[in-house]
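Student: Sequence:
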Amino acid sequence: MTSHRGFVTITGTLIAEIPGLFVPVRRLLTGQEGPTPLAFLNGLKCRECGREYPAEPLNVCDFCFGPLEVVYDYATISEVVSQDSIAAGPLSIWRYKDLLPAEGDDPVDIMAGYTPLIKARGLGKTLGLNNLYIKNDSVNPSFSFKDRVVSVAATKALEFGYETIACASTGNLACSVAAHCARAGVRAVVFIPSNLEKGKIIGAAIYNPVLVSVDGTYDQVNRLCSELADDYPWAFVNINMRPYYAEGSKTLGYEVAEQLGWRLPDHVVVPSASGAMFTKIWKGFNEMACLGLLDGVASSSFGVDQNTVHHPAVTTKMHMQQAEGCSPIAAAWNNNQAQVIPVRPDSIAKSLAIGNPADGIYAIKVIERSGGSAYAVPESDIVDGIKLLAETEGIFTETAGGVTVSGLKHLAESGAIKPDELTVVYITGNGLKTQEAVEQVVNPLSIKPSISSFEAVFEGAK
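Residue numbers for the sequence shown, in the numbering used here: 0 to 461.
Any given hint might turn out to be false.
Calculated pairs, SDA-like style, for lysine to any residue (alpha carbon to alpha carbon, straight line, at most 20 Å) [stated by the list, open to error]: (1) 408 with 419; (2) 408 with 447; (3) 417 with 262; (4) 118 with 258; (5) 417 with 370; (6) 118 with 393; (7) 364 with 389; (8) 316 with 330; (9) 316 with 333; (10) 447 with 431; (11) 408 with 120; (12) 364 with 437.
In case anyone wonders, no lab produced these hints; they're calculated from the structure.
Given these sequences and hints, build the entire structure.
Tutor: Have a look at this one:
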């Protein structure tokens with residue numbers, strides 16, 4: 000068997016032409032159409048022109064090249080899902096399996112999700128916010144929120160019959176894909192920019208994937224993987240599996256609502272690179288409202304898609320935070336641009352360094368509909384944000400979290416968030432992955448092994 004761009008051949012005979020993306024070899028060879036379609040999954044739909052597609056490993060519309068998203072049978076879901084059914088589920092994202100686009104009975108699961116929602120008394124006091132909570136996703140199994148999206152994508156990839164799972168990554172995704180593949184017993188191929196932080200490289204390499212370091216930016220890595228997806232029978236989680244993959248981030252919205260007692264916050268503060276997580280948190284909030292899962296909110300109209308869904312009960316303001324060195328979405332919002340203009344990243348927050356954000360324009364729509372904001376955090380404030388969170392709450396976050404906390408500080412100081420408004424800040428990654436950014440905090444007292452030496456140095460340090 001040989002493969003060519005857009006085609007699969009066996010002994011020189013053309014057997015299939017695939018527009019845009021590679022259909023799994025297993026289905027081409029056996030004629031199997033994969034698993035029976037989920038009862039609640041209707042297929043895919045173009046977010047631009049509305050054309051519909053079957054639930055296949057596709058991510059781009061053949062007609063207008065717009066991105067595809069998952070379409071659900073919300074009316075049926077509303078008949079089977081409830082607060083009680085969710086609460087009876089596992090302590091992972093799969094407690095929401097009826098709202099996800101993959102079978103939840105035997106998922107690729109390393110127990111992603113159901114992370115702590117912590118009342119941030121110390122940080123709140125410092126910032127003058129009396130009702131502040133931290134959604135701490137840095138404690139996921141591979142130490143970032145990416146475990147949510149990868150668990151869904153990996154489960155779906157196995158349903159489609161893939162035996163290799165791949166990704167383009169700024170670091171956290173590489174770690175998560177490698178971990179989930181180790182769990183599932185399938186091959187991982189992860190592509191990363193060559194200038195990643197050492198902690199993220201080790202965090203991926205420990206699971207023994209095929210690790211490919213590319214001399215280029217993330218956007219160049221992603222472009223390469225998009226080309227490879229045409230030639231290789233692999234499930235690229237953030238390319239041909241992207242519609243399913245992105246849905247995992249909805250669970251960040253579901254969990255916050257559940258952990259707050261089936262209600263929504265007044266504000267959320269979210270770091271952003273591609274814009275996907277940001278838009279999916281919003282989608283999660285609105286799905287909860289539409290399905291009647293929020294206290295005091297009756298279920299309502301269904302059949303809505305991500306581009307238009309906005310339940311009137313959802314009044315949460317969505318605040319996006321980007322690093323100044325890579326802030327194309329914030330720039331578009333604050334400059335009232337009709338399009339997001341790509342940039343070349345130059346930021347210490349490498350996990351946010353996506354210069355051409357795939358969901359940028361949709362993130363702007365969410366900001367507008369929610370009455371939220373977007374802010375480009377100065378690079379000089381990122382480490383200060385990391386230190387502030389550590390010193391007030393005992394949470395060590397990566398550079399993306401430094402962006403988020405500094406952005407929260409800006410919102411509090413500007414009066415955009417009032418002291419008593421219920422606010423949730425999302426911390427999405429662990430600081431052990433970006434230790435280089437804060438090496439300057441290491442300044443120990445050096446002493447001889449004696450009490451007198453300690454007391455002399457300690458007194459002088461007071």
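Student: Can the restraint linking residue 417 and residue 262 be considered satisfied, given a maximum Cα separation of 20 Å?
Tutor: 19 Å, holds
Student: Holds or violated: residue 316 with residue 333, Cα cutoff 20 Å?
Tutor: 16 Å, holds
Student: Mind checking the alpha carbons of residue 408 and residue 447 for me, to see if they're no more than 20 Å apart?
Tutor: 41 Å, violated
Student: Can you confirm whether the C-alpha distance between residue 364 and residue 389 stays at or below 20 Å?
Tutor: 33 Å, violated
Student: Straight-line Cα separation of residue 408 and residue 419 no greater than 20 Å?
Tutor: 15 Å, holds
Student: Holds or violated: residue 316 with residue 330, Cα cutoff 20 Å?
Tutor: 19 Å, holds
Student: Starting from residue 417, check that the Cα of residue 370 is at most 20 Å away, please.
Tutor: Since the Cα atoms of residue 417 and residue 370 sit roughly 15 Å apart, the hinted pair holds (cutoff 20 Å).
Student: Is residue 408 within 20 Å of residue 120, Cα to Cα?
Tutor: Within the cut-off at roughly 14 Å; holds.
Student: Going straight from one Cα to the other, do residue 364 and residue 437 come out at no more than 20 Å?
Tutor: 35 Å, violated
Student: Mind checking the alpha carbons of residue 447 and residue 431 for me, to see if they're no more than 20 Å apart?
Tutor: Given that 20 Å is the threshold and the Cα spacing comes to 30 Å, the pair is violated.
Student: Are the Cα atoms of residue 118 and residue 393 separated by 20 Å or less?
Tutor: Holds, because 12 Å separates the two Cα atoms, which is no more than 20 Å.
Student: Between residue 118 and residue 258, does the CA-CA distance stay at or below 20 Å?
Tutor: Between residue 118 and residue 258 the Cα gap is close to 11 Å, so the pair holds against 20 Å.
Hints 2, 7, 10, 12 from the earlier list are contradicted by this structure; the remaining hints agree with it.
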